[in-house]
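Visitor: Note that the protein sequences, when read in sequence, are chains A and B. Using our numbering, the letters of the first sequence map in sequence onto residues 1 to 109. Using our numbering, the letters of the second sequence map in sequence onto residues 110 to 266.
Hints listed in this document are in silico derivations from the structure and should not be mistaken for laboratory results. Just so you know, not all the hints are guaranteed correct.
[Unchecked claim] Simulated restraints, written as ranges between beta carbons of each label pair:
1) B:207 with A:101: 16 to 26 angstroms
2) B:192 with A:58: 40 to 50 angstroms
3) A:55 with B:181: 34 to 44 angstroms
4) A:55 with B:154: 27 to 37 angstroms
5) A:96 with B:118: 14 to 24 angstroms
6) A:93 with B:146: 18 to 28 angstroms
7) B:157 with A:46: 21 to 31 angstroms
8) B:258 with A:47: 41 to 51 angstroms
9) B:146 with A:18: 27 to 37 angstroms
10) A:53 with B:221: 33 to 43 angstroms
11) A:24 with B:194: 26 to 36 angstroms
12) A:100 with B:190: 21 to 31 angstroms
13) B:251 with A:104: 22 to 32 angstroms
14) A:34 with B:135: 37 to 47 angstroms
[To be verified] Here are the simulated lysine-lysine pairs, DSS-like style, with alpha carbons at most 25 angstroms apart:
15) A:97 with B:251
16) A:51 with B:161
17) A:42 with B:161
18) B:254 with A:97
19) A:59 with B:233
20) A:94 with B:254
21) A:74 with B:254
22) B:179 with A:74
23) B:152 with A:74
24) A:24 with B:254
25) B:223 with A:74
[Unchecked claim] Facing chain A, a subset of chain B residues (Cβ under 7 angstroms, in silico):
26) 198
27) 245
28) 250
Beta carbons are placed, not taken as given, at the ideal position from N, Cα and C, and that holds for glycine.
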Amino acid sequence: MSKFDDFFSGVVDGVKDIAKGDLKSLLDAGREDAEAFLENSKTQLKRWTEKLAAGTLDKEEFTDLVEGRVELAKMFALTQAGISAARIQRFRDKLIKLVIDKAFSIFLL
Amino acid sequence: MSIAYRGARRAFALLAVLAFLSGCAPLISEFNADAYKNATTLKAETLALVDKSGEAYATRRIEVETLTTKIDAAYEYAAGLPANQITAQQWQILRNPEGRLYGSFVRIWRTRGKVGDEYRVEKKAQLAEAYDLIICLEVNKKESKSCSSIAAAGPKE
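When you get a sec, could you build the whole thing from the sequences and use the hints?
Guide: Here it is as structure tokens:
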């Protein structure tokens, strides 16, 4: 096996490890946060309708809270998009570092 | 296909990928300590103001205007950072005077004079959640953390 083959397979193995850690945790955390957001939405909507029925919230207040929740959903989607971008950026940086480190360790030593 | 040719092709592909990756613009801005401080401080100030909204708007008008200016400044700061459009959009949704978060809270307080007890409690929780989303994104620019754990560790509603 040539030095380049060692280098190439080292990079491929390293990429697999990085992807397993970073990209899998991205999916897991995103799902966990989305589930928590939906569960909160359900709980809040139930509480608001009860308060509307009891007369402790009026129509304008109830409408404002519901529409506010929709705005929060947009903010939540932006947060998830930003978190994905940050993780992909970290993945990219690690990948570049991996290739450079592997090249140095195999070709220069 | 010779071994040498295959090796050269792999090397070329690897170099092409590296050149592409290292030449790409950042996908999102770096963590910014001032942006983080803006969000956490304004969260505390906003929630404290909501607590006072059972009082007449007229007596708190100056405090409301001062806080609104600070929130606008936080938006301008976020919008001025490179590759920070996502965070700037979040601030825009939160501060929008025609929107349904901070904007509608101030509108309802101003037009009604006072805010009802139950609405105050619910709106306070809603605004806290909005700030938590901005804070969560800022923290995740530095390290991966779930939003639920960050919100649980932050100032309480």
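Visitor: In ascending order, which of the hints set out earlier in this document are inconsistent with the structure?
Guide: 1, 8, 10, 14, 17, 25
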